[in-house]
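Which chain is which? The protein sequence lines are A and B, in order. Taking the numbering used here, the leading residue of the first sequence gets 32, the next gets one more, and so forth. Taking the numbering used here, the leading residue of the second sequence gets 32, the next gets one more, and so forth.
Since the list gives no way to pick out one identical chain from another, each pair is judged satisfied if it fits inside one copy or across any two copies.
PhoX-like cross-link-like pairs, simulated, lysine-lysine; straight-line CA separation at most 25 Å:
no.	residue 1	residue 2
1	Lys197	Lys250
2	Lys250	Lys354
3	Lys241	Lys343
4	Lys335	Lys250
The set of hints was computed from the structure by calculation and includes no laboratory data.
Protein chains: 2
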Amino acid sequence: MALTKLNTYQPLTELSAIALAKRLRIFDDASQLTCEEIGDGNLNLVFHVVERITDKGIIIKQALPYAKVVGESWPLTIERARIEASALNLQRSFVGDLVPEVYYSDPALAITVMEDLSKLTIARTGLIQGSNYPKLSEDIGTFLGNTLYFTSDYALHPFKKKEYVKGFSNPELCKITEDLVFTDPFFNSETNDYEEELTEDVQHLWDDFKVKLEVAKLKKSFLTEGEALLHGDLHTGSIFVDAHQTKVIDPEFAFYGPIGFDIGQFIANLIFQVVSNPDKKETILDTIKNTWYVFSSTFAGHWKESGDAYTKVDGYLEYVLEKSFRDSIGFAGCECIRRTIGLAHVDDLESISCKERRLKAKRACLNIGKRLIVNRTDIQSIEELLTIVRSHSK
Amino acid sequence: MALTKLNTYQPLTELSAIALAKRLRIFDDASQLTCEEIGDGNLNLVFHVVERITDKGIIIKQALPYAKVVGESWPLTIERARIEASALNLQRSFVGDLVPEVYYSDPALAITVMEDLSKLTIARTGLIQGSNYPKLSEDIGTFLGNTLYFTSDYALHPFKKKEYVKGFSNPELCKITEDLVFTDPFFNSETNDYEEELTEDVQHLWDDFKVKLEVAKLKKSFLTEGEALLHGDLHTGSIFVDAHQTKVIDPEFAFYGPIGFDIGQFIANLIFQVVSNPDKKETILDTIKNTWYVFSSTFAGHWKESGDAYTKVDGYLEYVLEKSFRDSIGFAGCECIRRTIGLAHVDDLESISCKERRLKAKRACLNIGKRLIVNRTDIQSIEELLTIVRSHSK
Numbered sequence: 032m033a034l035t036k037l038n039t040y041q042p043l044t045e046l047s048a049i050a051l052a053k054r055l056r057i058f059d060d061a062s063q064l065t066c067e068e069i070g071d072g073n074l075n076l077v078f079h080v081v082e083r084i085t086d087k088g089i090i091i092k093q094a095l096p097y098a099k100v101v102g103e104s105w106p107l108t109i110e111r112a113r114i115e116a117s118a119l120n121l122q123r124s125f126v127g128d129l130v131p132e133v134y135y136s137d138p139a140l141a142i143t144v145m146e147d148l149s150k151l152t153i154a155r156t157g158l159i160q161g162s163n164y165p166k167l168s169e170d171i172g173t174f175l176g177n178t179l180y181f182t183s184d185y186a187l188h189p190f191k192k193k194e195y196v197k198g199f200s201n202p203e204l205c206k207i208t209e210d211l212v213f214t215d216p217f218f219n220s221e222t223n224d225y226e227e228e229l230t231e232d233v234q235h236l237w238d239d240f241k242v243k244l245e246v247a248k249l250k251k252s253f254l255t256e257g258e259a260l261l262h263g264d265l266h267t268g269s270i271f272v273d274a275h276q277t278k279v280i281d282p283e284f285a286f287y288g289p290i291g292f293d294i295g296q297f298i299a300n301l302i303f304q305v306v307s308n309p310d311k312k313e314t315i316l317d318t319i320k321n322t323w324y325v326f327s328s329t330f331a332g333h334w335k336e337s338g339d340a341y342t343k344v345d346g347y348l349e350y351v352l353e354k355s356f357r358d359s360i361g362f363a364g365c366e367c368i369r370r371t372i373g374l375a376h377v378d379d380l381e382s383i384s385c386k387e388r389r390l391k392a393k394r395a396c397l398n399i400g401k402r403l404i405v406n407r408t409d410i411q412s413i414e415e416l417l418t419i420v421r422s423h424s425k
Numbered sequence: 032m033a034l035t036k037l038n039t040y041q042p043l044t045e046l047s048a049i050a051l052a053k054r055l056r057i058f059d060d061a062s063q064l065t066c067e068e069i070g071d072g073n074l075n076l077v078f079h080v081v082e083r084i085t086d087k088g089i090i091i092k093q094a095l096p097y098a099k100v101v102g103e104s105w106p107l108t109i110e111r112a113r114i115e116a117s118a119l120n121l122q123r124s125f126v127g128d129l130v131p132e133v134y135y136s137d138p139a140l141a142i143t144v145m146e147d148l149s150k151l152t153i154a155r156t157g158l159i160q161g162s163n164y165p166k167l168s169e170d171i172g173t174f175l176g177n178t179l180y181f182t183s184d185y186a187l188h189p190f191k192k193k194e195y196v197k198g199f200s201n202p203e204l205c206k207i208t209e210d211l212v213f214t215d216p217f218f219n220s221e222t223n224d225y226e227e228e229l230t231e232d233v234q235h236l237w238d239d240f241k242v243k244l245e246v247a248k249l250k251k252s253f254l255t256e257g258e259a260l261l262h263g264d265l266h267t268g269s270i271f272v273d274a275h276q277t278k279v280i281d282p283e284f285a286f287y288g289p290i291g292f293d294i295g296q297f298i299a300n301l302i303f304q305v306v307s308n309p310d311k312k313e314t315i316l317d318t319i320k321n322t323w324y325v326f327s328s329t330f331a332g333h334w335k336e337s338g339d340a341y342t343k344v345d346g347y348l349e350y351v352l353e354k355s356f357r358d359s360i361g362f363a364g365c366e367c368i369r370r371t372i373g374l375a376h377v378d379d380l381e382s383i384s385c386k387e388r389r390l391k392a393k394r395a396c397l398n399i400g401k402r403l404i405v406n407r408t409d410i411q412s413i414e415e416l417l418t419i420v421r422s423h424s425k
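Using the sequences provided together with the hints, build the complete structure.
Structure follows, in structure tokens:
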């Protein structure tokens, strides 16, 4: 596709987004296009371009050179657009329609043009509104089992794996996670944000050296263990759903890290539903359980086809799955805590209008988080994890 | 320094090596230089250029685009020359004279011009000849404690660390280790090489699924855990010594890996001396012990100055050191086995002329190796490790 490329970065407008769509010839020449910027405005511009008559649409996403969440003072390179487009393409080769199709990308302009998912709902929003997503656990378990296996040393030639490790080196976005997930919430940091009524609970957490030692180990794992290409930010806000399909979006935090991190973040974000949505507790607990089962059976299924001689050694698959399980629990614990008292909160908790219930749910998250972090090596099964979550969410 | 660079790689000759030394103006213009190729010919050309009157010398090392050890059929990129020069420069910033000074390097020609160490002896050769090196453990412990700490997440800004991880990505040389250290010796591979008398011992090893499972875990650690910039090939053949000084050379296998790997390889190569040199057993065991003590106290000393908040958490330093100790023991075990029955052997064992004694020493190495691999989590102290090595080398 011959295109006149701009060489210098500049933010798109609704008009220039339409012009880009025309240049890319995604629509017929005679199409009448409309465009709306629909981003939540944290890190990216998101343009929804629609052809009026056919109602056919595309999404044009453009990374901004700063993080709006804390104003323009937090600069971020637009390199993350390249990482996002590369991750989407790679993931799509393993999981097909579970991620959106990328039609075009331009790393210099930080632009990714992709499939329009605007008819779907963000999973977090839908869950808060009480919707059921019967395919969610199956689809996310499949996404995890495939993306984490096929980017691991068990599937890739060592040269290819190391090429991916380099290509997905993602220092800036990793640092956001290193600070906001693993460090700040466990110390008296300026970025933290919690209701005054939680002061005593938070102080207890900060005084708990057992928790801190275990988080130190988990942060070490995040910093050093390049097991597979992670999505890196797999919360329920990164997933589009309806009753029939699931689409995992926004892999701009993608990098090579420990397998358990993606699984743990997803589990934690379901735990927020368990504590905030008592009517649906068992349904959501089932979603957690089934996600783990589908992940582990998908991963184990591929394992049999691995060319690595050691995958034939008795006990090695069990070792890898047990480590991933233990890590998942620990990372879930960190996510439970940071979303409760750290910088970035979740609507599952914040939208509870009754203060007493909200504080109760938040205390449950803090307690579940600590328990998962400290006891992760003692928890022997996903059912045992559910029992713990259940016991803290009565 | 203005130099006319050749753009295409070609191997140096003794004459062109002299011409290079002249162009670099390392010697006076009027100097009369002689040159001799002194490499062992495995992977590199090594030219020793000497000024006749002053006897001042330099070393010009040039990577070959193949590994001679298995003929020209094993191609290797000359990228490793860039890695070696970069690693030497970085290590030198942490340990000064414990590594040779680099005067000049040219990645395109795969050339590194460095300090002449030809008056020193390769540690392996000296040890086999019965020499004592009272500074060896202190110096190698210092080298390990400094290089492994200062390239870790405890010392570096996360952006700098990730830049090093990318810059020292070393797929080809890592694959040599992955195959020859972690895989081939534990399976019936063509590269293996052992006396017929050891067939039964080797068969026992291959049938031992406990050993294989633990080696699988160690290989996983080597493949995925980027804790620090390793030397990557720290055997006694990579160390120059005399009574007063120690120089660690040849870091062309450098990459980000688990801290214990360098320590374990060094320990294993001392174990070869313990089993082959009964008269010096206790001296060498002391060298092993002191290396660990100097490494761990050097590392712990720097730890106090870390800016990472988690380094102030009780028990975290102990966790990191215990993990490194356990890993060191496991990696030492792998090295003991692969140098006995794998492709690359060591003179410590091969130079034992009495066949019965040689086979006994080799069996000791196999047994020590298996024991260290399988029992590494039960061994609580360096003294306990020495007791095991002693018990197998009577």
